[in-house]
Amino acid sequence: MDSLLGKRRAKQPLELPSAGSTFQRPVGNYASFLIDQCGLKGASVGDAQVSVKHAGFVVNTGKATCHDVLELCDFVKQTVLEKTGYQLELEPVIVGDPAKPANMPEQEAVEK
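Residue numbers (the numbering used here): 2 to 113.
It is worth saying that the hints were derived from the structure and are not from the lab.
Where a beta carbon is used, it is the ideal one built from N, C-alpha and C, also for glycine.
Treat the hints with caution; some may be incorrect.
[To be verified] Label pairs and their in silico Cβ distance ranges: (1) Cys67 x Asn30: 25 to 31 angstroms; (2) Gly7 x Gly40: 14 to 20 angstroms; (3) Gly97 x Val28: 28 to 34 angstroms; (4) Gly97 x Ala11: 33 to 39 angstroms; (5) Val28 x Asp48: 31 to 37 angstroms; (6) Gln38 x Glu92: 14 to 20 angstroms; (7) Gly7 x Glu83: 34 to 40 angstroms; (8) Gly86 x Glu16: 22 to 28 angstroms.
[Claimed, not checked] Pairs of lysine-lysine, DSS-like flavour, derived with a Cα cap of 30 angstroms: (9) Lys12 x Lys84; (10) Lys64 x Lys42; (11) Lys84 x Lys42; (12) Lys12 x Lys42; (13) Lys64 x Lys12; (14) Lys54 x Lys64; (15) Lys78 x Lys12; (16) Lys54 x Lys78; (17) Lys64 x Lys78; (18) Lys78 x Lys42; (19) Lys42 x Lys54; (20) Lys12 x Lys54; (21) Lys84 x Lys54.
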């Protein structure tokens, strides 16, 4: 058990917040390999960043918003498609309206 956790810590960015693996594995390849091959490790939008440790994770390096994360994911998906022909799909399911901050009541979000 400890050796599995050690391997995971060595290969995955567990020291930063993330939603885990960001992209589904495309048939015949690995999302992290494709993202790395496109030179996207470290790419960022706001405080959302493609992990430099494992390209299959988008991490929060500070105060990334949902919008930052989704904009970065769209950039990654478009770049990988253009450079490799592979269409990446998100692993996490997006719930709610990413444009509305989670801690803001519905009426306040509409007025702003």
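Consistency of the hints with the structure:
1. Cys67 x Asn30: 25 to 31 angstroms: holds, 27 angstroms
2. Gly7 x Gly40: 14 to 20 angstroms: violated, 29 angstroms
3. Gly97 x Val28: 28 to 34 angstroms: Check passed, 30 angstroms falls within 28 to 34 angstroms.
4. Gly97 x Ala11: 33 to 39 angstroms: holds, 34 angstroms
5. Val28 x Asp48: 31 to 37 angstroms: holds, 32 angstroms
6. Gln38 x Glu92: 14 to 20 angstroms: holds, 19 angstroms
7. Gly7 x Glu83: 34 to 40 angstroms: Once the Cβ atoms are compared, 37 angstroms apart, the range 34 to 40 angstroms for Glu83 and Gly7 holds.
8. Gly86 x Glu16: 22 to 28 angstroms: With Cβ atoms ~33 angstroms apart, the hint is violated.
9. Lys12 x Lys84: Judged against 30 angstroms, a Cα distance of about 25 angstroms means the pair holds.
10. Lys64 x Lys42: With a Cα-Cα distance of about 19 angstroms, the restraint between Lys64 and Lys42 holds, given a limit of 30 angstroms.
11. Lys84 x Lys42: holds, 15 angstroms
12. Lys12 x Lys42: Status holds; Cα separation ~14 angstroms.
13. Lys64 x Lys12: holds, 23 angstroms
14. Lys54 x Lys64: Distance of about 19 angstroms is within 30 angstroms: holds.
15. Lys78 x Lys12: The hint holds at about 22 angstroms.
16. Lys54 x Lys78: holds, 19 angstroms
17. Lys64 x Lys78: holds, 22 angstroms
18. Lys78 x Lys42: holds, 13 angstroms
19. Lys42 x Lys54: holds, 8 angstroms
20. Lys12 x Lys54: holds, 7 angstroms
21. Lys84 x Lys54: holds, 22 angstroms
The structure fails to meet hints 2 and 8 from the earlier list, while all remaining hints are met.
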